[in-house]
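As a plain string of letters, each chain reads:
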Amino acid sequence: MTTVTVEARELTRIYGGREAVRDVSFTLNKGEVLGFLGPNGAGKSTSMKMLTGNLAPSKGSVKICGIDMIENPKEAKALIGYLPEQPPLYRELTVDEFLAIAARLHRVSGSHVKKAVRIAKERCGLTEMGSRLIENLSKGYQQRVGIAQAIIHNPMVVILDEPTVGLDPIQIRDIRNLIKELGGEHSVILSTHILPEVEMVCDRVQIIHKGQMVFNGSIDILKQQRHGNRLLVGLSRAPANDELLKIPGITSVETLPSGLLRVRHDGSDAPAEQLVQAAVNQNWGLYQINPDQTSLEEVFVQLTFQEQAA
Amino acid sequence: MIFNITRKELKSLFSSPMGWVVLALLQFVFGTFFLNGIEQYFQTMSGAIRPEQRIGVTEFVGGNIFGIASFVMLFAVPLLSMRLISDERRQQTLTFLFSAPLSLTEIVVGKFLGLVTFLSIVIFFLAAMMSTLNFWAEIDFGYIAANVIGLWLLVASFSSLGLYVSSLTQQPIVAGIISFIALFALLLLDNFMAGDPTGTMSYLSLMRHFEPFSRGLLDTRDVAYFLLFIVTFLTLTVRRLDADRLRG
Chain H
1 MTTVTVEARE LTRIYGGREA VRDVSFTLNK GEVLGFLGPN GAGKSTSMKM LTGNLAPSKG
61 SVKICGIDMI ENPKEAKALI GYLPEQPPLY RELTVDEFLA IAARLHRVSG SHVKKAVRIA
121 KERCGLTEMG SRLIENLSKG YQQRVGIAQA IIHNPMVVIL DEPTVGLDPI QIRDIRNLIK
181 ELGGEHSVIL STHILPEVEM VCDRVQIIHK GQMVFNGSID ILKQQRHGNR LLVGLSRAPA
241 NDELLKIPGI TSVETLPSGL LRVRHDGSDA PAEQLVQAAV NQNWGLYQIN PDQTSLEEVF
301 VQLTFQEQAA
Chain F
1001 MIFNITRKEL KSLFSSPMGW VVLALLQFVF GTFFLNGIEQ YFQTMSGAIR PEQRIGVTEF
1061 VGGNIFGIAS FVMLFAVPLL SMRLISDERR QQTLTFLFSA PLSLTEIVVG KFLGLVTFLS
1121 IVIFFLAAMM STLNFWAEID FGYIAANVIG LWLLVASFSS LGLYVSSLTQ QPIVAGIISF
1181 IALFALLLLD NFMAGDPTGT MSYLSLMRHF EPFSRGLLDT RDVAYFLLFI VTFLTLTVRR
1241 LDADRLRG
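These protein sequence lines are chains H and F, in that order. Numbered by this note's numbering, the letters in the first sequence go through residues 1 to 310 in order. Numbered by this note's numbering, the letters in the second sequence go through residues 1001 to 1248 in order.
Be aware that one or more of the hints could be misleading.
[Said to hold, decoys possible] When the alpha-carbon atoms are kept at most 25 Å apart in a straight line, the in silico SDA-like pairs for lysine to any residue are as follows:
id, chain 1, residue 1, chain 2, residue 2
1, H, Lys30, F, Asn1004
2, H, Lys74, H, Glu85
3, H, Lys74, F, Glu1059
4, H, Lys74, F, Thr1006
None of these hints come from the bench; they were simulated from the model.
Please take these sequences and the hints and turn them into a complete structure.
Shown next as structure tokens:
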């Protein structure tokens, strides 16, 4: 069963004549984790602000579970949990006090506030921090309080703007697990510029560049682009490149500055195995062979670059 | 929902020393003037022999202390109101309120009520202090009530203006100074316009509308003036926050 939770249509935002975001449209289904990628200043945060009703779009509409954000902001906002780029925290309050306020403002009924606070603290690993002042917490813990604040009312849609900034590696892993877990029952929109993070937690990716969507699709498509038909081969007594081209399936060979060879193949006839066989037979001195992965960064650069060229 | 915002505001006020210090200092100032007032009452009245020179203790002490209170609030309210929105803007916590299922009116009215509730505590103590005179004299509760209502309306008007100014800037200090100057000008407008007491400008003066209350007179025209003043500035604040959403 798929239920549409977020529907954005032709979102456009103009700042003083300049289009910060142009015609961004997408839908998100229940249980999906959507990664929002883009270089600095691409319009990620602006899009998120529009999705959460913090900023009025110049054109277009946002619907949360079918409720229009512009016509019915209160009902739509009740379904969203939002962590902005800067976690909004009242530093003079304790974690418990702040979360209780967050719960009450998000319509958690009086008798459930305590329970909601306890669950949110557990999920974000804040159980022991309840009576500490937010001011005295480290950046990572403040970030967690920000996330706890966004999920306290069990919203249908959780929108997190760069949630793992300032966390240590262990905390990042915890938060990623939390996001995956949230993805099970809620929809999550996650903005980030950390690419492996997207690969790890997201089902779908959107890449936004200069205010426009340049890629929108499943994470698998990105991964495919990443694992191209290439091998990286190290030979201590390398023959002429023509020798290598004789091996069936290999289409091109290129010598890299590091002395390694980048071998492209057409993906048929297990070329890696054939190459190893040939290297052994002809005593080329094979010392390294591994698939040449385009880093996600490269894919990203390609995608954003294509847009510029177009 | 409005109540939740109010509660949040009060919690912030009392979770820092600010709230307590302001309460204690105000109480100290009013207490001192109260004692002085009583002492002066005995001195003045022992010299006043003819009946028409004599005035009641309520009016003598009350007139003094409520007059002082209106002046002291001129300093206290901008000090408390300056942080209301500007600080949230600076700390980026305004997003937290904007993303919650609340209308802008609820946010603004909630914040306003939070501050007014806090100031009501001050006024309540002031009224309680005046009422203690009842132990040894028969005091005029009607007079006290009129003064309390007048002072409360005056303070609420101060708060609404302070709230509006606070929504204009990111710097609490700037908001504080501007609110103070604006209130000072509004309060003393009829002094500047003394030559033309019926003019429109002097009619806008807050002091002119507070003065009947301090005589013990409850005039609906003055009540209406204060209520309109409050509603105007609260509406302006809502409009200002809405502009944030529209213009970014």
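How the hints compare with the structure:
Of the supplied pair hints, the one linking lysine 30 (chain H) and asparagine 1004 (chain F) is violated, its CA atoms being roughly 31 Å apart against a limit of 25 Å. Note on lysine 74 (chain H) and glutamate 85 (chain H): the hinted pairing holds, with a Cα-Cα distance of about 22 Å set against a maximum of 25 Å. Simply put, lysine 74 (chain H) and glutamate 1059 (chain F) have alpha-carbon atoms about 50 Å apart, too far for the 25 Å limit, and the pair is violated. At roughly 19 Å between alpha-carbon atoms, lysine 74 (chain H) and threonine 1006 (chain F) fall within 25 Å of each other, so this suggested pair holds.
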